[in-house]
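Asker: Chains as they are written, first to last, in the numbering used here: chain A, 1 to 428; chain B, 1 to 372.
By construction, these hints were calculated from the structure, which means they are not laboratory data.
Only a predicted model underlies this, so the values are computations on that prediction, with no experimental measurement involved.
Every residue, glycine too, gets a C-beta built ideally from N, C-alpha and C.
Keep in mind that a hint or two might mislead.
As the list claims (entries may be wrong) - Label-pair distances were calculated between CB atoms; the ranges are:
hint	chain 1	residue 1	chain 2	residue 2	range
1	A	Ala68	B	Glu350	32 to 42 Å
2	A	Gly343	B	Asp234	26 to 36 Å
3	B	Asp234	A	Thr228	56 to 66 Å
4	A	Ala420	B	Asn202	25 to 35 Å
5	B	Glu179	A	Thr221	20 to 30 Å
6	B	Lys109	A	Ala420	32 to 42 Å
To be verified - No more than 35 Å apart at the CA atoms, straight line, and that leaves these computed lysine-lysine pairs for DSBU-like:
hint	chain 1	residue 1	chain 2	residue 2
7	A	Lys425	B	Lys109
8	A	Lys425	B	Lys163
9	B	Lys361	A	Lys99
10	B	Lys258	A	Lys64
11	A	Lys273	A	Lys9
12	A	Lys95	A	Lys153
13	A	Lys425	B	Lys361
14	B	Lys169	A	Lys425
15	A	Lys9	B	Lys258
16	A	Lys9	A	Lys368
17	B	Lys258	A	Lys95
To be verified - Example chain B residues on the side facing chain A (calculated, C-beta under 10 Å, incomplete):
hint	residue
18	Val104
19	Ser106
20	Tyr174
21	Val336
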Amino acid sequence: MVDQLERFKKGLRSQDVHTGLRNVDPNSGLVVQYMENTRLIGMSASLALTIKGQDVIEDAEALKVIVADQLDIEPFAFNDVIDLLEGTGAIYNVKREGKTIKSFSEKMPLHKDLFEYLGRAWEDRRPTEIEASMLYTVDALATRPFRASEFEKSFGIDPKAQEIILELGEQSELIKEIGLTNGDKIYYSPYFSFENPKIMGELFASHTDDAIRAEFEKLKTYQGIPLTDDLPVLNDAVARGLMQAPSIEDPAGLERGFAFAPYTLGHEYLTTKKAVLEKALAVLACVRCGQHFGGYTAIYAPERILETLLDPLREHKLKAHSSHKRQYRLMHRMGIVNFIPSGSWVQPQLIETEDNIEAVMLAIELLKYSGEPLSDRGVPPDAPKILMNQGRYLTPIMTVHKKRKRLLLTDAHWEALVNAATGRKRIE
Amino acid sequence: MSEKDFQLKVSVRKIFWYEGMSTRLNVKLSALVSRDTSKTRAPLEEYTDIDVLGIFFTPDFRLRLKIGDCSTSSRRVPERLFWLEGVKHFFKADECYLVRPYDVSSSSKQLAARLGISLVCGKDLEVLMQIASNESKLRSDSPFLNGSSYQEREHILDGLEEKLEPLQKYRLVYYWLFEPRRNLQQLISFLTDFQSHLRPDNKPHLILFSDYVWLYALTVLQTVEYVAATGISDINRSIRQYLFGGELGLRERESLVKQLEELRHIIEGSQATSAREIFEVLPPYYDDLLELVTRFARKPRASTKALRYAESLNLSDAFLNQSYDLPQELMPIDEVTVKLLNDVAIFVTEASGLNKDFSRKYIELSNQVFTT
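The shape of chain A in the complex, shown without the other chains (with noise of 0.2 Å):
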């Protein structure tokens, strides 16, 4: 069960659940009992992204203040977090007074996942199986909503566990549930960006668990799916205001919807910045159509296209094309980007509000981390957006040619080989 979570899941999963742990009296029996270390990691990932790219902290004290309002990190488990970061190696050089921490260095990768050093410690520290299902459950729900019944069923949590797993998930806010009217219910997590989640029932009462499960997974995976008519869960969720899907105009004139599902700690995406969220997905929409129905000049990478509205040394603005009047349209009237004439094509070119750089740059997200964004989730704003995804060689399909007798190379023999081709043997 658990075991199947990948490591990096393992630590963004503690921090939802030390974020919604945080509507919940510290001190009640189930959590002191049930997810000790589970908050423990937790609430170490929301103190690294907070200081993630500071490089010095000079006042720990100071910091201890600030997280404890702001993070509702406890300052008994202040030093606790520290040791457990500093074991990981994101931080070092720990200065100490006794037990009271002074200064240190953080050391947090950049480009890399925190959360799959999070996800090892979480492992260290040996968890209990409450806490291991705990995850499952909070990572099964940041796909889709589910039946009570799966949880024996396809989780196979036993009821026990499911019970105490279902208080913490009420009280914590994690865990949300609608009542059908056979008796069933349906559960689904707060972090969606659900328009409307009452009518939740209908699309269980009229679609499989499987059909359900299968669509809401595709979507998971792939922010803005075409809503194409072998996709009757999404199309039916759209029609009944579940989710949101921006629609386009193709080059044949026909309207195609893009769906998404957005999931996000931050609930003033939800809230007072809604219209950041719609615009991102205005801007994502506006791309996936492009991927899609694109023609023989097809988007290939939709990053960098939106990389480039970002940049400042070209101007915020696309290259001319035929299709960017019809295709950038709904970006344009939301005020996101002007159309700069170039003969009869036009430039999309981003208009430098606040809201519009943010929406660009939660589009990114979304695209790179399956509808869910990373930067709400406590990295200070000038945290470089840059994260790194380097590409392995692919082997590539080979003829494999007769057997002979042959002289094998051993792998240093190759890997010197490789050194003095790249650069990395010593030239003397």
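Knowing the structure of chain A, use the given hints to seat chain B on it.
Answerer: Quick look at chain B alone, frame taken from chain A:
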């Protein structure tokens, strides 16, 4: 090198330090040459050396180099001026000082003016030194700037075991011979090849390590200079290009490594499996290098001071038997600069597979020296 020449160099170094630069003495300029078949001929030949090198990075990461030629010899000043102009061009320096302790002919002064070389002669040096000393509140007998700490360090490193000779050669010669981009990998390769011989509890080894940290900090700053000039918004791509001398070089290497991988498959067929990733264009420490360069790029005010911090640490009583206090006015302590330098020490240790106590000790010593 005569003692009088050395004292001149020390004086010029002091002026460079006062101007906000980090410094290095006796930088050798050489060329790799082909070996003869008997392998008796040295693989490199030395052109000349730079007496004093001053290095400075502006807050927008532009490298400024200043070189000083110091001699007590009274002969051939015009020839030396022409020579210095050539060295300036070869080393891509921005400014040159020709320093002589006596007055020179007026034709030499005219020539210096035409070539754009600063001629410091006769009492000029004394006056400049006095200004530097007064302004910086540095005592002229401070071991850091009177050269005794430098001499002690070089004496210790001259006495390194013979088997570590290539590491000495690299820091004195090869580092300055290679294009800066190559040092990103070459410095690590040199240390990696001698990791089993280097021990953190051995004082000369630790001193050698500290100089490698200074050298790598310079290399990182040169990388950031390239990144800032070519595309800081896609730092990952810029560093990849820099490593291989541009996009073309990167693609060539990718293609070459792919061919090698295919060759292995052709030779070994399905047996061509490995427990390790071998066919990678980028070095195994690339992710950490990207992190390090990004951190330097994000904090220009702090990172551009890293070389001065490294130099003052390396020549302090933490490593040597010298004791001095740098006045706060000359180098106010910036915790972020110290931290970035520690990051370099950690990176060099981990990328080269050195004993982790190297960076641990380095951080301990920097905590001792840079206390606020």
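Asker: If a hint holds in the structure, say so; if it does not, say that too.
Answerer: Status of the hints after comparison with the structure:
1. A:Ala68 - B:Glu350: 32 to 42 Å: 34 Å, holds
2. A:Gly343 - B:Asp234: 26 to 36 Å: Check passed, 29 Å falls within 26 to 36 Å.
3. B:Asp234 - A:Thr228: 56 to 66 Å: Cβ of B:Asp234 to Cβ of A:Thr228: about 34 Å, so the range 56 to 66 Å is violated.
4. A:Ala420 - B:Asn202: 25 to 35 Å: 31 Å, holds
5. B:Glu179 - A:Thr221: 20 to 30 Å: 43 Å, violated
6. B:Lys109 - A:Ala420: 32 to 42 Å: 52 Å, violated
7. A:Lys425 - B:Lys109: Outside the cut-off at roughly 48 Å; violated.
8. A:Lys425 - B:Lys163: 18 Å, holds
9. B:Lys361 - A:Lys99: 23 Å, holds
10. B:Lys258 - A:Lys64: Since the Cα atoms of B:Lys258 and A:Lys64 sit roughly 51 Å apart, the hinted pair is violated (cutoff 35 Å).
11. A:Lys273 - A:Lys9: 26 Å, holds
12. A:Lys95 - A:Lys153: The hint is violated at about 51 Å.
13. A:Lys425 - B:Lys361: 28 Å, holds
14. B:Lys169 - A:Lys425: 16 Å, holds
15. A:Lys9 - B:Lys258: With Cα atoms ~33 Å apart, A:Lys9 and B:Lys258 stay inside 35 Å; holds.
16. A:Lys9 - A:Lys368: 15 Å, holds
17. B:Lys258 - A:Lys95: 47 Å, violated
18. Val104: 41 Å, violated
19. Ser106: Because about 47 Å separates B:Ser106 from the closest Cβ in chain A, which is outside the 10 Å limit, the hint is violated.
20. Tyr174: Holds: closest Cβ of chain A sits about 7 Å from B:Tyr174, inside 10 Å.
21. Val336: Hint on B:Val336: holds, closest Cβ of chain A at ~5 Å, below 10 Å.
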